Amino acid sequence: MHLPDGLLDPITTIVLWVTVVIILIVAYFRLRSLFQKEESDKIVPYIGVLAAVIFAFQFVNYPIPGGTSGHLVGGTLVAVILGPWASVIILFLILVIQSFFGDGGITALGANAFNMGIIGGIIGFYIVIGLLKIFNKTSMKKEFKVTISTALGSYIAIIFAASICGVELGLAGAIPMEIAISTMIFWHIFIGIGEAMISGFIVLYIYKVKPDLIITKSFIGVT
Amino acid sequence: MMNFKLKNRRILTSILVVLVILLVMIAIGYPLGILSENPDGLERVLIENNGESWLESLSSVWTPFLSWIENNYIAAIIGVVMSVVFTFAIFKFISYRKEKRDNITGAN
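Chains as they are written, first to last, in this note's numbering: chain Z, 1 to 223; chain E, 1001 to 1108.
Hint data in this document are derived by calculation from the structure and do not stem from the laboratory. Heads up, a few of these hints could be off.
[To be verified] One side of the interface only, derived from the structure: several residues of chain E facing chain Z at Cβ under 8 Å:
id : residue
1  : Ile-1011
2  : Val-1018
3  : Val-1020
4  : Asp-1040
5  : Gly-1041
6  : Ser-1053
7  : Tyr-1073
8  : Gly-1079
9  : Met-1082
10 : Phe-1086
11 : Lys-1092
[Said to hold, decoys possible] Derived list of chain E stretches under chain Z, where covered just means 3 residues or more per stretch with a C-beta under 8 Å from a C-beta of chain Z:
id : region
12 : 1022-1029
13 : 1060-1071
[Claimed, not checked] List of simulated lysine-lysine pairs, DSS-like, C-alpha gap at most 27 Å:
id : chain 1 : residue 1 : chain 2 : residue 2
14 : E       : Lys-1092  : Z       : Lys-217
15 : E       : Lys-1098  : Z       : Lys-208
16 : Z       : Lys-137   : E       : Lys-1100
17 : Z       : Lys-208   : Z       : Lys-42
18 : Z       : Lys-145   : E       : Lys-1098
19 : Z       : Lys-208   : Z       : Lys-141
20 : Z       : Lys-210   : E       : Lys-1092
21 : Z       : Lys-42    : Z       : Lys-137
22 : E       : Lys-1100  : Z       : Lys-210
In this text the structure is predicted, and so the values were computed from the model without any measurement. Backbone N, C-alpha and C fix where the C-beta goes; we use that ideal spot for every residue, glycine too.
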């Protein structure tokens, strides 16, 4: 879902860049609470490793029927592990690195960070929280509550991000709005299955092996 | 000191594991069909509506300085290392700024 340069119109590009910069500034200040609760010596290298994992999964594409492929976005996954504000910054940095390789444009970085980092990270995170509230009423095991909520949250967030990307394409005049939104949603209904499976599996793995690494554990109510 | 070395070794091992998994995925994933080089969802939508040549004709204000790397393995190694270095530097800076501010204000 990496928008290339030269696709979006200047107004959409500027509005999304400004929005992303404001949210990055908010994230910077909100992250202080993360370092208040956790030892920075412990958490910072771990964040680096997690960024490497996300880059690795974004680097490779899995096949989708109909001659299409998809790759992990990982915004919701990182948000569930480290919180939504850390997720926004990590996704932005990964998108910057990818733009060095020509995967996503530099002027389109604002739009890409908005779609994948903000919708995937912040909105995806709160969808997961909402789903967890529902699953907390069931007798399901804690790790499965987190896993299923993460998988479903990632799936919903990716489809939502795809529909917003469709709106951006429509506003840019690249494709008629209704076609852009419907086709983006159509393909991401399939691509989202991979996103949900990878996100759910990684969260389940961390939960089983080292649950302390899920920093949002107390916040998402599964201590 | 010992603890610091052990912690660093764990982190380096984790990064190496990520790198090895990625390189193995590239090496066996494409030939086995587990991975695909087909266009992704967005590219597919753009190609279906406007054609591949239109997508390739989009102009950029800059040439991505690492776009000359066509070897997947080298790009993967450089990308993973850059991801770790960038995020480590930025988050270390944020934690350093927070500690500095806490020391000035006398906060815990």
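Cross-check of the supplied hints:
no.	hint	in the structure
1	Ile-1011	holds (4 Å)
2	Val-1018	holds (5 Å)
3	Val-1020	violated (10 Å)
4	Asp-1040	holds (5 Å)
5	Gly-1041	holds (4 Å)
6	Ser-1053	violated (14 Å)
7	Tyr-1073	violated (11 Å)
8	Gly-1079	holds (5 Å)
9	Met-1082	holds (5 Å)
10	Phe-1086	holds (5 Å)
11	Lys-1092	holds (5 Å)
12	1022-1029	holds (count 4)
13	1060-1071	holds (count 8)
14	E:Lys-1092 with Z:Lys-217	holds (23 Å)
15	E:Lys-1098 with Z:Lys-208	violated (32 Å)
16	Z:Lys-137 with E:Lys-1100	violated (43 Å)
17	Z:Lys-208 with Z:Lys-42	holds (20 Å)
18	Z:Lys-145 with E:Lys-1098	violated (34 Å)
19	Z:Lys-208 with Z:Lys-141	holds (12 Å)
20	Z:Lys-210 with E:Lys-1092	holds (23 Å)
21	Z:Lys-42 with Z:Lys-137	violated (34 Å)
22	E:Lys-1100 with Z:Lys-210	violated (31 Å)
Going through the hint list in order, the structure does not satisfy hints 3, 6, 7, 15, 16, 18, 21 and 22.
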